[in-house]
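Visitor: Sequence:
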Amino acid sequence: MKSDKIPGKDFIVVDVRDDDYPGGNVKGSLNKPSNGFLTSVDDLVKDTKDVPLIYDETRKEVLKNGDIPHEVAVLRGGFTQFQAKFKDDPTLVENWDKEVWEQEWSGH
37 MKSDKIPGKD FIVVDVRDDD YPGGNVKGSL NKPSNGFLTS VDDLVKDTKD
87 VPLIYDETRK EVLKNGDIPH EVAVLRGGFT QFQAKFKDDP TLVENWDKEV
137 WEQEWSGH
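With positions in the sequence shown counted from 1, the corresponding number in this note's numbering is that position plus 36.
To be clear, the hints were calculated from the coordinates, so they are not data collected in a lab.
Some clues are possibly wrong.
[To be verified] Each computed EDC-like pair below joins lysine to aspartate or glutamate, with the alpha-carbon atoms no more than 16 Å apart:
(1) K134 / D56
(2) K63 / E130
(3) K85 / E107
(4) K68 / D79
(5) K123 / D133
(6) K63 / D40
(7) K41 / E107
(8) K85 / D46
(9) K63 / D124
(10) K63 / D125
(11) K121 / D133
(12) K68 / D56
(13) K68 / D54
(14) K45 / D86
(15) K45 / E107
(16) K123 / D40
(17) K41 / D78
(18) K63 / D46
(19) K123 / E135
(20) K68 / D83
(21) K82 / E107
(22) K63 / D133
(23) K134 / D86
(24) K123 / E138
(25) K45 / D56
(26) K68 / D78
(27) K134 / D124
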């Protein structure tokens, strides 16, 4: 994702997380929560028809079932693994909240 490509034009990162999205996200990502994703995916595809998409691993089944003319990449391990590795890189992660991730890992 580090490149000279322009977010929103050359690629879009679609983040389907629900409640944990406010704890941090891939820089410039578009949040489409999983609880409404299936009802809005057709509009998303139409609105981004000229842009490659990156979907979170949890949405692979949507991609298998449709005729989506996009180039699609999957973020293996989801944002949990991504943030563990890149949370300190502001070119890749934004809105990272240490308290949210401490709660996630401690179970509180």
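Visitor: Is the Cα-Cα distance between K68 and D56 16 Å or less?
Guide: 12 Å, holds
Visitor: Straight-line Cα separation of K68 and D78 no greater than 16 Å?
Guide: 12 Å, holds
Visitor: Given the hint that K123 pairs with E135, test it: the Cα-Cα distance must not exceed 16 Å.
Guide: At roughly 13 Å apart (the allowed maximum being 16 Å), E135 and K123 satisfy the hint.
Visitor: Would the pair K41 and D78 pass a check requiring their Cα atoms to be no farther apart than 16 Å?
Guide: 25 Å, violated
Visitor: Does D124 sit within 16 Å of K134, going by the straight-line distance between their CA atoms?
Guide: Cα-Cα ~11 Å, so holds.
Visitor: Would the hint linking K134 and D86 be met if the CA-CA limit is 16 Å?
Guide: 36 Å, violated
Visitor: Below or equal to 16 Å on CA atoms is what counts here, so check K63 against D133.
Guide: Within the cut-off at roughly 14 Å; holds.
Visitor: Given the hinted pair K85 and D46, is their Cα-Cα distance within 16 Å?
Guide: Distance of about 11 Å is within 16 Å: holds.
Visitor: CA of K123 to CA of D133, is that 16 Å or under?
Guide: Holds, at roughly 9 Å.
Visitor: Given the hint that K68 pairs with D79, test it: the Cα-Cα distance must not exceed 16 Å.
Guide: 11 Å, holds
Visitor: Does the structure keep K63 and D40 at a Cα separation of 16 Å or less?
Guide: 14 Å, holds
Visitor: Regarding the pair K63 and D125, is the alpha-carbon distance no greater than 16 Å?
Guide: Between K63 and D125 the Cα gap is close to 10 Å, so the pair holds against 16 Å.
Figure legend: structure checked against the earlier numbered hints; hints not met, in rising order: 16, 17, 23, 25.
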